[in-house]
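Input sequences plus hints: build the corresponding full structure.
Here are the chains, one letter per residue:
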Amino acid sequence: MDLKSLWTSLDWAIVLIYFAGMILVGFIFQRRAGSSLSSFFLAARKFTIPILIGTAAASWYESWTVVGLAECGATMGISVIFIYVVPTALLRIPLANIIGPYIRDKVPDWVVTMPDLIEYLYDKKTKLIGAVLVITTILYASALLFAVGEVLHLITGMNLFLAMVICGAIVALYTSMAGLWAVGITDIFQFAIMTFAASMLVWPLVAKTQGLAHLFDLIRAQDPTLLTTTGTSTPWDILAWVAAAAALYASPQSYQRFGAARSGAEARVAYNMMMFIGISFSAIMVLTGMVARAYYPALKPSLGFWSVVFEVLPMGMRGAFVAALAAAVMSTVDTDFLIASTVLVKDLYKDFLKPTLSEQSVIRANRLAIPIFVALMVFGTQFFQEGIGKAWYYVGGFETSAFMIPLVAGLFYKRSTIQGGFWALLGAVAFYPLWEFILKSPGGIPANVATWIVSAVVYFGVCNITYKGTAARPSVAD
Amino acid sequence: MTGNLRLWGKVTMWLMIFQALFLLWAFYNHADVLVYELFLINLVAGPACLIAYLVEVSRGVFRED
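Going line by line, the protein sequences match chains A and B. In terms of my numbering, the first sequence is residues 1 to 478. In terms of my numbering, the second sequence is residues 1 to 65.
Calculated directly from the structure, the hints in this document are not laboratory data. For clarity, every value in this text was computed on a predicted model and none was experimentally measured. Wrong hints could be hidden among the right ones.
[Said to hold, decoys possible] Not the full set, but computed from the structure, chain A residues with beta-carbon under 10 Å of chain B:
id	residue
1	Pro-50
2	Ala-57
3	Val-86
4	Pro-101
5	Thr-195
6	Leu-201
7	Asn-272
8	Val-286
9	Leu-348
10	Lys-350
Cβ atoms here follow ideal geometry from the backbone N, Cα and C, with glycine treated the same way.
Below is the structure:
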């Protein structure tokens, strides 16, 4: 199917209106965001439930959630629901209902970023490792920019590099102008575009397939394992998927959103609703991937997905769906840029090199750092031209396995010590590349799973050896 | 207000758990009701958040002190 022939001026107009709207938000909130660092990075802790739902969902759901899950639907069938989508939601219940409210209500106000939280849980040298780690994981934003550029290139014929530069520049413009205010408000609009476009996809899909029973019959005829709960996944594969589902616990985005909430109770309601809506959105993408598998089995899954979308949606709605994908990517990338620039300027430069730096200087430096990060990310896209899956496997797997134990155990474990957090984080940073690149994952055990195990052993071992009878600070359980 | 929010915290948690279990059931049994449900949730969720935010703006919730 020639996708370019189905792309019309009306579709272009919708995408351009979307881009213009995002920049407009940056201009509107520019003055408000510049009043303090708390206003710039945490939107003055004024986010209400609707904004929190929108910004948490839009930031978390990116191009992988749209095209990646559709590809999984095509290649793994319903098993992706059983081993990833649903476990993802269920495993995050403690994050939404215990950790989020605790972070907002009990952690002191000086804790603004995730490295600040690490300092609160442990000490400054552990924070230093955490801050460097947070910045390196922004490499994933490169993969996201590449993904959206590739789609715009595939569908509209636009030059790939130009598409990436335009998306990156728009994100840099509104994020550097208005910080989390712009990110949060644009996220609500982006979230609305994403869910509305997904809902518009459902009826035409049903009409095309004549009901789910017929769709499943078509798939069963091709490969019956696609309709089993675990598919062809091995127990280690399943464990790796479930481990990836815990990524939200180790995400700087989550902690920033909790801190930005007006109260812990509002953060709890918003995150539960975000997951409720999120799994419903994900399920549509999996279904679309299954339709692509049934009707376009010979095509590459991502191309099959776009062929189905363009075939079933009318003129104009195709533009809305492409805008939804751009929204999914831009709403994630803007948060990554904001976090990376704040960690660089506040957590590394101000806290370790120039403690006398004023808040206004921090904000000015942030505004300067964001476009620089964007330029670096556009350059970094060349490393991810094989696809976004590789980026998520390495960057996401590394980040989650390194941060998970020190952060979550640090909040809950009553015998937590500074040494335990430091050695667990440092150990994970050293172990992941050793297991993945030098030892080549012995026994087929994925590097993220092995790193989790090592991190837990080091953390609990060191904590118990160094525990002197009194905890460094109260745990969540207290 | 806080009491109401606590209750809503519990309600939304169970709503999410129910939805997760429903997805497992519906995908395993290829139930057509899944399609209606997904359509409704996605149609309403995003625009409802946007409208709720705009209502808050009009009520001055985000007004600068």
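Hints, verified against the model:
Hint status for Pro-50 of chain A relative to chain B: holds, with the closest Cβ pair at about 4 Å, below 10 Å. Satisfaction of the interface hint for Ala-57 of chain A is found here, the shortest Cβ-Cβ separation to chain B being roughly 8 Å, below the 10 Å cut-off. At its closest, the beta carbon of Val-86 of chain A sits 5 Å from a beta carbon of chain B; the interface hint therefore holds under the 10 Å criterion. The interface hint given for Pro-101 of chain A holds, since its Cβ lies 8 Å from the closest Cβ of chain B, which is under the 10 Å cut-off.
Using the Cβ-Cβ criterion of 10 Å, the hint placing Thr-195 of chain A at the interface with chain B is satisfied: the shortest such distance is roughly 3 Å. Contact between Leu-201 of chain A and chain B, as hinted, is supported at the beta carbon level, the nearest pair being about 9 Å apart and thus within 10 Å. This hint holds: Asn-272 of chain A has a C-beta 4 Å from the nearest C-beta of chain B, less than the 10 Å allowed. Look at Val-286 of chain A: its Cβ gets to within about 8 Å of chain B, closer than 10 Å, so that hint holds up.
At its closest, the beta carbon of Leu-348 of chain A sits 31 Å from a beta carbon of chain B; the interface hint therefore is violated under the 10 Å criterion. Evaluation of the Lys-350 of chain A hint against chain B yields a violated restraint, the C-beta minimum of about 25 Å exceeding 10 Å.
Hints 9 and 10 from the list above are not met by this structure, while the remaining hints are.
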